[in-house]
Amino acid sequence: MSRPARREARYGFLFVLPWIIGFLAFTALPMAATFVFTFLNISPAEQEPLMFVGLANYRRLFADQQAWASLWVTARFALLWLPLVVALPFLLAVAVNSRYLRGAGLVRVLLFMPYVVPFVAGALIWQNMLVDDGWINTALHWLGVGGAPSWLSDPAWVIPGLAMIGLWGLGSGIIINLAGLRGIPTELYDAARLDGAGWWRRLWHVTIPMMSPVIFYTLVLAVVEVMQYFLIPLVLFNGTGDPGGATRFFNLYLYQTFFTYQEMSYGSTLAWLLFVITLVVTLVLFRLSRRWVHYTSER
Amino acid sequence: MTPTPARRIRTALMTIVMFGIVVAFLSPLVQMMLSSLKSERQVSQAHAPLLPSDPRTFTHEGRRYDVYRVPVDGAVRELALVKKGRAESEFVDPAAPEKGTVTWQGSWRTLEPSWTLAPHWSNYAAVWKLIDFPRLLLNTIALAVISTIGTVLSCTLVAYGFARFRFPGRGPLFTLLIATIFLPTAVTLIPTYAIFAQIGWVGTWLPLLVPAFFGNAYSVFLLRQYFLTIPREMDEAASIDGAGPLRTLRSVIVPQAWPAIAAVTLFNFVYTWNDYFTPLIYLSGRPELQPLQVGLAAFNGLYSTKPAYIQAGAMMTITVPVILFICFQRTFVRGIMSTGVEK
Amino acid sequence: MNRLSNALVAIASAVALAACGSASPPSGDAATVELRWYCCLGTGEQAEQVKVQQKVIEKFHAAQRRIRVKLEVVTYDSARDTLATQIASGNGPDLAGPVGVGGAAAFHGRWLDLAPLIRSSGFDLSPYAKGSADLYRIGSVQEGIPFAIYPSTLYYKADMFEEAGLAEPPHKYGEKYTWPDGRQSEWNYDTLRELALRLTVDKNGKDATQAGFDPGEIVQYGFEPARDDLRYQGAAFASGSLDTGDGKTVKIPDAWADAWRFFYDGMWKDRFIMTGPVFESEQFNGDGASFFSGHVAMSVNFLWSTYGVAGAGDDWDLAAMPSYKGRTTSPTSADTFRILSGSKHPAEAFEFLAYLVGPASQELLSAYGAMPARTADQEAFFAKLAGQFTHKVDWQVAKDSVAFADNPHSESYTPKYNQTLTILGTYRSRWMTKGGLDMNAQLKEMREEIQAAWNRS
Chain B
30 MSRPARREAR YGFLFVLPWI IGFLAFTALP MAATFVFTFL NISPAEQEPL MFVGLANYRR
90 LFADQQAWAS LWVTARFALL WLPLVVALPF LLAVAVNSRY LRGAGLVRVL LFMPYVVPFV
150 AGALIWQNML VDDGWINTAL HWLGVGGAPS WLSDPAWVIP GLAMIGLWGL GSGIIINLAG
210 LRGIPTELYD AARLDGAGWW RRLWHVTIPM MSPVIFYTLV LAVVEVMQYF LIPLVLFNGT
270 GDPGGATRFF NLYLYQTFFT YQEMSYGSTL AWLLFVITLV VTLVLFRLSR RWVHYTSER
Chain L
2 MTPTPARRIR TALMTIVMFG IVVAFLSPLV QMMLSSLKSE RQVSQAHAPL LPSDPRTFTH
62 EGRRYDVYRV PVDGAVRELA LVKKGRAESE FVDPAAPEKG TVTWQGSWRT LEPSWTLAPH
122 WSNYAAVWKL IDFPRLLLNT IALAVISTIG TVLSCTLVAY GFARFRFPGR GPLFTLLIAT
182 IFLPTAVTLI PTYAIFAQIG WVGTWLPLLV PAFFGNAYSV FLLRQYFLTI PREMDEAASI
242 DGAGPLRTLR SVIVPQAWPA IAAVTLFNFV YTWNDYFTPL IYLSGRPELQ PLQVGLAAFN
302 GLYSTKPAYI QAGAMMTITV PVILFICFQR TFVRGIMSTG VEK
Chain H
660 MNRLSNALVA IASAVALAAC GSASPPSGDA ATVELRWYCC LGTGEQAEQV KVQQKVIEKF
720 HAAQRRIRVK LEVVTYDSAR DTLATQIASG NGPDLAGPVG VGGAAAFHGR WLDLAPLIRS
780 SGFDLSPYAK GSADLYRIGS VQEGIPFAIY PSTLYYKADM FEEAGLAEPP HKYGEKYTWP
840 DGRQSEWNYD TLRELALRLT VDKNGKDATQ AGFDPGEIVQ YGFEPARDDL RYQGAAFASG
900 SLDTGDGKTV KIPDAWADAW RFFYDGMWKD RFIMTGPVFE SEQFNGDGAS FFSGHVAMSV
960 NFLWSTYGVA GAGDDWDLAA MPSYKGRTTS PTSADTFRIL SGSKHPAEAF EFLAYLVGPA
1020 SQELLSAYGA MPARTADQEA FFAKLAGQFT HKVDWQVAKD SVAFADNPHS ESYTPKYNQT
1080 LTILGTYRSR WMTKGGLDMN AQLKEMREEI QAAWNRS
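Chains as they are written, first to last, in the working numbering: chain B, 30 to 328; chain L, 2 to 344; chain H, 660 to 1116.
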């Protein structure tokens, strides 16, 4: 390495150093420690001597019905949530971008606004909307829907109810999609029009392929988020998993194991399971993305 | 070119539908505001009006009675219900109580109460005191300001390092940085908590503030992408003038990258403002240090029987982020756009 | 690389130590001792109560200079988790309270046995109601100092009985209930059920026994059980425990199973108890206090409910608890202050505790709305309580109820206490939100689930 190159490397390293220190202190080492914990029996509530227990925590994990039940809660929420959170912002962005819409700027700002509402307040605001005598059911009643569901207290409806609350923050997704839409060269549409392509064909053959990187980006971030989802039910149901365990998300079970049962080692095992699942799902998504995500230029 | 009728219809339809969606989307805010002004009496009444109102009452011989709309001889009269019964009930006319009671055949439960419009602004004053709002607000502002300063400072430095300097391992390190976005926080939570407890930081602001000074992946990424768009020639010109890397950062990069820095500042401010879980676990024994979100959640637990108070509290906590948003919505939008497009 | 792995091992072991609770002792001035008073495992979190507690501390500070006390207020919702985490990270407080039987059981093995301190300090236990001291024994703790007791009674709305043309429920234990036709029945849960049906009314004014009653539009409910905790609900029938006595085997007491079937059928078949969704709705003032909404005719509740019962109007009163199979039980909650076994200053903590349950007790008890365990203070307490309400309430019922306290207490320690509570809570919530369940299968499933938790070492 030449002297100026060494100097440059030294400066570069120096500037990046804060992050490296932070990464080691707040990410890498704690992660490693969590991994070590999975082979110990740290559980202050039981007051046992600290021991190496081998794979006991992993064996317990495989036999733990509650853990798998809570993973299933998370999965069910994800199956409903992911299509919504990818498709709705895209569709709304297409609508906002439409030349037929008057006042598009205002629509964009207003749809984005709830994104800045703190989620604790948002959860409480929506609780007020979703109770039996709230506006949602009042509106359904006016529309002639008999026997409107009890969104937050019926185990069968609480997942859709939570999805509704979550959708309040889709404003940022709309903006990201809008940015993507504006980046599509107009020539592509002109060419498609010359070929006689209608609105649907243009959407299908131009917009969606051109938007695939953005769709992929929103999907991956949504997956990472949904795997860890539990804060809104934590606030609404005070961590009980009510109604009837239907909101005991995997991360909530993990939190209970840590803080309520004080089972640090078993909780660490759950945390690592979550990490591995997230990792596998993201890797699979990246692998699959080669088939459908089109990058126009290599950066 | 004059718009064709078909086009006009499409425009009208599209605009109406979209504004309909917007109205539905924002209706929770309206319900919150209306609910926050309701009295407890209204909240616990079935089929109460949408607007904050009080049931009319009438005090008769020292006791308070509810006033109902009673159909008598084809006309609806407003009468106070003084004696309830399953098959017949007795009423008094508030306009002429001296005339004695009127007996009405039928179930009083089928009658509609009489309401008068009455927004209870006092709910806000009550919540302000109960929740100790000024203290929560000050805590939140202090936490948000300090950690935003930390984040912006550290992320600018780190992003500058990644954007402008070649050093061994830069690529893998940057990948690692991005990878932390995908890491579930639970996998680091317990050891981090244990260390903070060991060094006596639990119950202080330090666990919330110190990590902010070591950069975070999102902001570094956003800033780096922006820095890359600034022509290198400008750095080089500065360095020919004898400027060191820090001065180049200060005098060339930062002024150019102002929009990105503003976006990062706003995002981190709002993020810290809205953060709940970290302050919850680190400050749970210290209400005097807690920020708004934790205070609001605790308030919800304490006053769950008073929905109007909860909504008033929610209203108070969202005011600052919403005002910030209204003032700086362009910066927000641009900030999000730059993360989205570049990926 | 080697250095990194060394550092890793060092940090990991430091973390492990920290997690196991080896704490460094707090350094402090040798002359003064600083105590931490952890609050709100039970009552004490309301702003007014916090003020009184602070005032009590100030008085204590004024009386002596050696001990300084700091009050830590954590709201009830997160108080248990926070205390558990504090203890686990070696950062526990010195004393906690007011804490009830359940709160104490959740921290089984963490409390200091006060017996030696009581003896050495010559603390006089004789002024307390006989038997009330039993309520304060938790596991290895032989003796706690009685402070507050809260018997359960039946709260009812007299105006609803009047409207329905029914006599009010009996106020004296052992008395029978008299129907409008002169027929007399034992005051038990069957009678209560019959009454509750007649007191459940739809918006057209029809009650649940009449043809054309609309269960979709109920505006007044006949009965509200102790909904918060299934064990409390069970104990309102008869006292019992999930533990067969060996600390290993789970059995659901028959009386509890009956109580839970009564609860379930009351919601989904008989309709005189509100289902979960109704309970959550604003109209019925959710979260354990639906009687306060004024739309419920009868409700089993602890005496502490007096804090919000004014919301039910000025026609409510207290009646005797109904009996089950000829026996009456009034589940009784008992709050006190306790010292953590991890406290570095047990003697000083006891000095402060003796002050709290002694000179400061009147002030605290009235802030908590708690009935004093010291019999001599009870008259003054009820006189003060009566002053809070504009109408006359028969407080004698509450005094009489103490004789029917549950033993064993429903919140007593069982293995895997918190896990067991979670399972009970989940079933409770499921029953509240799902009709058409086979209760026998549910009970069997619940027993097995709890057993599985207990079996885990």
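There may be inaccurate statements among the hints.
To be verified - The calculated BS3-like cross-link candidates involving lysine-lysine, where the alpha carbons are at most 30 Å apart (straight line), are:
hint, chain 1, residue 1, chain 2, residue 2
1, H, K1003, L, K84
2, L, K85, H, K1093
3, H, K1093, H, K831
4, L, K84, H, K907
5, H, K1058, H, K1075
6, H, K907, H, K984
7, H, K984, H, K1103
8, H, K1093, L, K84
9, H, K710, L, K130
10, H, K835, H, K714
11, L, K130, H, K729
12, H, K862, L, K85
13, H, K714, H, K1003
14, H, K1075, L, K85
15, H, K714, H, K1043
16, L, K85, H, K714
17, L, K130, H, K1093
18, H, K1075, H, K1051
19, H, K1058, H, K984
20, H, K729, L, K85
21, L, K130, H, K1058
22, L, K100, L, K85
23, L, K85, H, K710
24, H, K1043, H, K1075
25, H, K865, H, K835
26, H, K1043, L, K130
27, H, K714, L, K84
28, L, K84, H, K865
29, H, K928, H, K862
No lab work stands behind these hints, which were simulated from the structure alone.
We went through each hint and held it up to the structure:
Our distance criterion of 30 Å between C-alpha atoms is broken by K1003 (chain H) and K84 (chain L), whose separation comes to about 64 Å. Between K85 (chain L) and K1093 (chain H) the CA atoms are separated by roughly 35 Å; this puts the pair beyond 30 Å, and the hint is violated. Straight-line distance between C-alpha atoms of K1093 (chain H) and K831 (chain H) comes to about 37 Å, which puts the hinted pair past the 30 Å bound. Proposed proximity of K84 (chain L) and K907 (chain H) is contradicted: the alpha carbons are some 58 Å apart, above 30 Å.
Taking the CA atoms of K1058 (chain H) and K1075 (chain H), the gap is about 34 Å. The hint is violated against a cut of 30 Å. Distance hint between K907 (chain H) and K984 (chain H) is fulfilled; the C-alpha atoms sit about 28 Å from each other, no more than 30 Å. For the proposed pair K984 (chain H) and K1103 (chain H), the alpha carbon gap of about 23 Å is at most 30 Å, so the pair holds. Our distance criterion of 30 Å between C-alpha atoms is broken by K1093 (chain H) and K84 (chain L), whose separation comes to about 38 Å.
Restraint check for K710 (chain H) and K130 (chain L): the C-alpha separation of about 13 Å stays at or below 30 Å, so the hint holds. Using a Cα cut-off of 30 Å, the hinted pair K835 (chain H) and K714 (chain H) is violated, with the two alpha carbons roughly 47 Å apart. Between the alpha carbons of K130 (chain L) and K729 (chain H) the distance comes to roughly 23 Å, so the proposed pair stays at or under 30 Å and holds. Taking the CA atoms of K862 (chain H) and K85 (chain L), the gap is about 14 Å. The hint holds against a cut of 30 Å.
A C-alpha spacing of about 25 Å is found between K714 (chain H) and K1003 (chain H), which places the hinted pair at or below 30 Å, so the restraint holds. Simply put, K1075 (chain H) and K85 (chain L) have alpha-carbon atoms about 51 Å apart, too far for the 30 Å limit, and the pair is violated. Note on K714 (chain H) and K1043 (chain H): the hinted pairing holds, with a Cα-Cα distance of about 20 Å set against a maximum of 30 Å. Using a Cα cut-off of 30 Å, the hinted pair K85 (chain L) and K714 (chain H) is violated, with the two alpha carbons roughly 46 Å apart.
Between the alpha carbons of K130 (chain L) and K1093 (chain H) the distance comes to roughly 40 Å, so the proposed pair goes past 30 Å and is violated. Distance check on the hinted pair: K1075 (chain H) and K1051 (chain H) sit about 45 Å apart at the alpha-carbon level, beyond 30 Å; violated. With a C-alpha separation of about 23 Å, the suggested pair K1058 (chain H) and K984 (chain H) falls inside the 30 Å cut-off, and the hint holds. A C-alpha spacing of about 53 Å is found between K729 (chain H) and K85 (chain L), which places the hinted pair above 30 Å, so the restraint is violated.
For the suggested pair K130 (chain L) and K1058 (chain H), the alpha carbons sit about 36 Å apart, so the restraint of at most 30 Å is broken. Straight-line distance between C-alpha atoms of K100 (chain L) and K85 (chain L) comes to about 19 Å, which keeps the hinted pair within the 30 Å bound. For the suggested pair K85 (chain L) and K710 (chain H), the alpha carbons sit about 42 Å apart, so the restraint of at most 30 Å is broken. A distance of roughly 41 Å separates the Cα atoms of K1043 (chain H) and K1075 (chain H); the hinted pair therefore is violated under the 30 Å criterion.
With a C-alpha separation of about 27 Å, the suggested pair K865 (chain H) and K835 (chain H) falls inside the 30 Å cut-off, and the hint holds. Of the pairs offered as hints, the one joining K1043 (chain H) and K130 (chain L) holds, with about 27 Å between alpha carbons and a cut-off of 30 Å not exceeded. Using a Cα cut-off of 30 Å, the hinted pair K714 (chain H) and K84 (chain L) is violated, with the two alpha carbons roughly 46 Å apart. Straight-line distance between C-alpha atoms of K84 (chain L) and K865 (chain H) comes to about 18 Å, which keeps the hinted pair within the 30 Å bound.
The hinted pair formed by K928 (chain H) and K862 (chain H) meets the criterion: a straight-line CA distance of about 19 Å does not exceed 30 Å.
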